[in-house]
Amino acid sequence: MTSPYPPRRRSGSDYSRTPGRVPPSPGYASSELSTSTISERQNPVVAAARSFTGMFAACFAPPESDNSRSLGDSEEFKSSSTASNGSRAGSRAGSQRGRNSNGGMNISSYNIVQRKEPGIVKFTMEEIFQVTRNFSPSFKIGQGGFGAVYKAKLLDGTVVAVKRAKKSLYEKHLGVEFQSEIQTLSKVEHLNLVKLYGYLDQGDERIIVVEYVPNGTLREHLDCIHGSVLDLAARLDVAIDVAHAITYLHMYIDHPIIHRDIKSSNILLTENFRAKVADFGFARQAADSDSGMTHVSTQVKGTAGYLDPEYLKTYQLTEKSDVYSFGVLLVELVTGRRPIEPKFELKERITAKWCRP
Numbered sequence: 606m607t608s609p610y611p612p613r614r615r616s617g618s619d620y621s622r623t624p625g626r627v628p629p630s631p632g633y634a635s636s637e638l639s640t641s642t643i644s645e646r647q648n649p650v651v652a653a654a655r656s657f658t659g660m661f662a663a664c665f666a667p668p669e670s671d672n673s674r675s676l677g678d679s680e681e682f683k684s685s686s687t688a689s690n691g692s693r694a695g696s697r698a699g700s701q702r703g704r705n706s707n708g709g710m711n712i713s714s715y716n717i718v719q720r721k722e723p724g725i726v727k728f729t730m731e732e733i734f735q736v737t738r739n740f741s742p743s744f745k746i747g748q749g750g751f752g753a754v755y756k757a758k759l760l761d762g763t764v765v766a767v768k769r770a771k772k773s774l775y776e777k778h779l780g781v782e783f784q785s786e787i788q789t790l791s792k793v794e795h796l797n798l799v800k801l802y803g804y805l806d807q808g809d810e811r812i813i814v815v816e817y818v819p820n821g822t823l824r825e826h827l828d829c830i831h832g833s834v835l836d837l838a839a840r841l842d843v844a845i846d847v848a849h850a851i852t853y854l855h856m857y858i859d860h861p862i863i864h865r866d867i868k869s870s871n872i873l874l875t876e877n878f879r880a881k882v883a884d885f886g887f888a889r890q891a892a893d894s895d896s897g898m899t900h901v902s903t904q905v906k907g908t909a910g911y912l913d914p915e916y917l918k919t920y921q922l923t924e925k926s927d928v929y930s931f932g933v934l935l936v937e938l939v940t941g942r943r944p945i946e947p948k949f950e951l952k953e954r955i956t957a958k959w960c961r962p
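Numbering-wise (our numbering), the sequence shown opens with residue 606 and increments by one.
By construction, these hints were calculated from the structure, which means they are not laboratory data.
A portion of the hints provided could be inaccurate.
Computed cross-link-like contacts, EDC-like style, restricted to lysine to aspartate or glutamate with a CA-CA straight-line distance of at most 20 Å [claimed, not checked]: (1) Lys958 to Glu915; (2) Lys745 to Glu732; (3) Lys958 to Glu946; (4) Lys758 to Glu732; (5) Lys792 to Asp859; (6) Lys772 to Glu810; (7) Lys727 to Glu794; (8) Lys758 to Glu876; (9) Lys800 to Glu816; (10) Lys745 to Glu816; (11) Lys727 to Asp806; (12) Lys758 to Asp836; (13) Lys745 to Glu731; (14) Lys925 to Asp859; (15) Lys771 to Asp806; (16) Lys925 to Glu915; (17) Lys800 to Glu876; (18) Lys727 to Glu816; (19) Lys745 to Glu810; (20) Lys758 to Glu731; (21) Lys772 to Asp836; (22) Lys800 to Asp761.
FRET-style restraints, in silico, Cβ to Cβ [said to hold, decoys possible]: (23) Lys948 to Gln748: 30 to 38 Å; (24) Tyr920 to Lys948: 28 to 36 Å; (25) Ile725 to Lys772: 33 to 41 Å; (26) His860 to Asp806: 21 to 29 Å; (27) Gly749 to Thr729: 31 to 39 Å; (28) Trp959 to Gln921: 24 to 32 Å; (29) Gly762 to Ile725: 37 to 45 Å.
These numbers come from a predicted model, not from an experiment.
All residues carry an ideal CB built from backbone N, CA and C; glycine is no exception.
Please build the complete structure, drawing on both the sequences and the hints.
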């Protein structure tokens, strides 16, 4: 039987022969494959996630009430000492329910933009005003390092998230991150990656229109912001989903991509707790491994606590940087603690040091 995936980028890789997922698809109906069918021998990344989370069989308790944000999640690190803000649990009994798909917000039929397929739509400002009702506060669903995020609805019924960049941040680095996200998302399609629908780059406006993922971020669920605790099985599924996304980016596209910012606040969850990796502003195409060359960055980018120390020291970027960040994420999944906890004692403050035997 013909494989649904393209040939591997390099046969000598230490990764799996197959990511264990069905081919990329906008829907989920044909993708409900049990994670038990994934061969751990075939996919060491998935096997590591399963083995690591499997060691924790106890129930997870909600963290102590503390609304203060930690440095590990709120600050993105740059080498020049500048900071830049910027799964499926299945339908098993007792599984948590996501928020209402409309998030309690009435989406007006006035939003009439039609999604054009195939390809990525370059929206006009008039269309963006229509889908957001002139960026109505009632449509606003979040605020991040990139800017404000609004919920909208296309004519075909597709619910999307509209990310509008902060005008105060229209600097060179923001333009680079905007172009990076557009270029990266336009080249990839996978169940565990947020889908790009279109964008706008006009005057002083930079806007990205992406798939709306209704159940918040992984970090919010680890903080029990949604009112219930993520059980062990759900955490394991999230880990496996993220592993699939990273494996796909590194191995199953023509020009492999390094995300550079794998962290819990960049992992979005669907109503069925399927994990999707988001925010490709720092993403970069990987160097050709066959040539033995690596990327040498003039500026390290990522988030404090998740950064690969080798990348931080040498400025050489490889796929291993994402794998290191994924390892930190695994510890975060099973413990609930952030990568950096300023209120803890010095020896316990940084996860990478605290978890060493």
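Hint check results:
1. For a cut-off of 20 Å, the pair hint linking Lys958 to Glu915 stands: about 15 Å separates their Cα positions.
2. In summary, the hint linking Lys745 to Glu732 is supported, as the alpha carbons are separated by about 17 Å, within the 20 Å threshold.
3. About 12 Å separates the Cα atoms of Lys958 and Glu946, which keeps this hinted pair within 20 Å; it holds.
4. Between the alpha carbons of Lys758 and Glu732 the distance comes to roughly 11 Å, so the proposed pair stays at or under 20 Å and holds.
5. Between Lys792 and Asp859 the alpha-carbon distance is near 9 Å, which keeps this suggested pair within the 20 Å criterion.
6. For a cut-off of 20 Å, the pair hint linking Lys772 to Glu810 stands: about 7 Å separates their Cα positions.
7. Distance check on the hinted pair: Lys727 and Glu794 sit about 18 Å apart at the alpha-carbon level, within 20 Å; holds.
8. For the hint pairing Lys758 with Glu876, the CA-to-CA distance comes to about 18 Å; that is within 20 Å, so the pair holds.
9. Distance check on the hinted pair: Lys800 and Glu816 sit about 5 Å apart at the alpha-carbon level, within 20 Å; holds.
10. At most 20 Å may separate the alpha-carbon atoms for a hinted pair to count; Lys745 and Glu816 meet this at roughly 15 Å.
11. The straight-line distance between the Cα atoms of Lys727 and Asp806 is roughly 8 Å, inside the 20 Å bound, and the hint therefore holds.
12. Between the alpha carbons of Lys758 and Asp836 the distance comes to roughly 32 Å, so the proposed pair goes past 20 Å and is violated.
13. For the hint linking Lys745 to Glu731, the alpha-carbon distance of about 18 Å falls within 20 Å, and the restraint holds.
14. For the hint pairing Lys925 with Asp859, the CA-to-CA distance comes to about 18 Å; that is within 20 Å, so the pair holds.
15. Annotation: proposed proximity of Lys771 to Asp806 holds, straight-line Cα distance about 13 Å (limit 20 Å).
16. Between Lys925 and Glu915 the CA atoms are separated by roughly 9 Å; this keeps the pair inside 20 Å, and the hint holds.
17. Under the criterion of a C-alpha separation no larger than 20 Å, the hint pairing Lys800 with Glu876 is consistent with the structure, at around 16 Å.
18. Taken as a hint, the Lys727 and Glu816 pair is honoured in the structure, with Cα atoms around 15 Å apart against an allowance of 20 Å.
19. Between Lys745 and Glu810 the CA atoms are separated by roughly 17 Å; this keeps the pair inside 20 Å, and the hint holds.
20. For the hint pairing Lys758 with Glu731, the CA-to-CA distance comes to about 15 Å; that is within 20 Å, so the pair holds.
21. Among the hinted pairs, Lys772 with Asp836 is inconsistent with the structure: their alpha-carbon atoms are about 40 Å apart, more than 20 Å.
22. Simply put, Lys800 and Asp761 have alpha-carbon atoms about 16 Å apart, close enough for the 20 Å limit, and the pair holds.
23. In this structure, Lys948 and Gln748 break the distance hint of 30 to 38 Å, their C-beta atoms being roughly 24 Å apart.
24. Evaluation of the 28 to 36 Å hint for Tyr920 and Lys948 yields a pass: the beta carbon distance comes to about 31 Å.
25. Restraint check, Ile725 to Lys772: a C-beta distance of roughly 23 Å breaks the suggested window 33 to 41 Å.
26. A C-beta distance of roughly 22 Å is found between His860 and Asp806, which places it inside the suggested range of 21 to 29 Å.
27. Remark: the range hint 31 to 39 Å for Gly749 to Thr729 is contradicted by a beta-carbon distance near 24 Å.
28. Between Trp959 and Gln921 the beta carbon distance is about 26 Å. The supplied range of 24 to 32 Å therefore holds.
29. With their beta carbons about 19 Å apart, Gly762 and Ile725 fall outside the hinted range of 37 to 45 Å.
Of the numbered hints given earlier, the model fails hints 12, 21, 23, 25, 27 and 29; all others are met.
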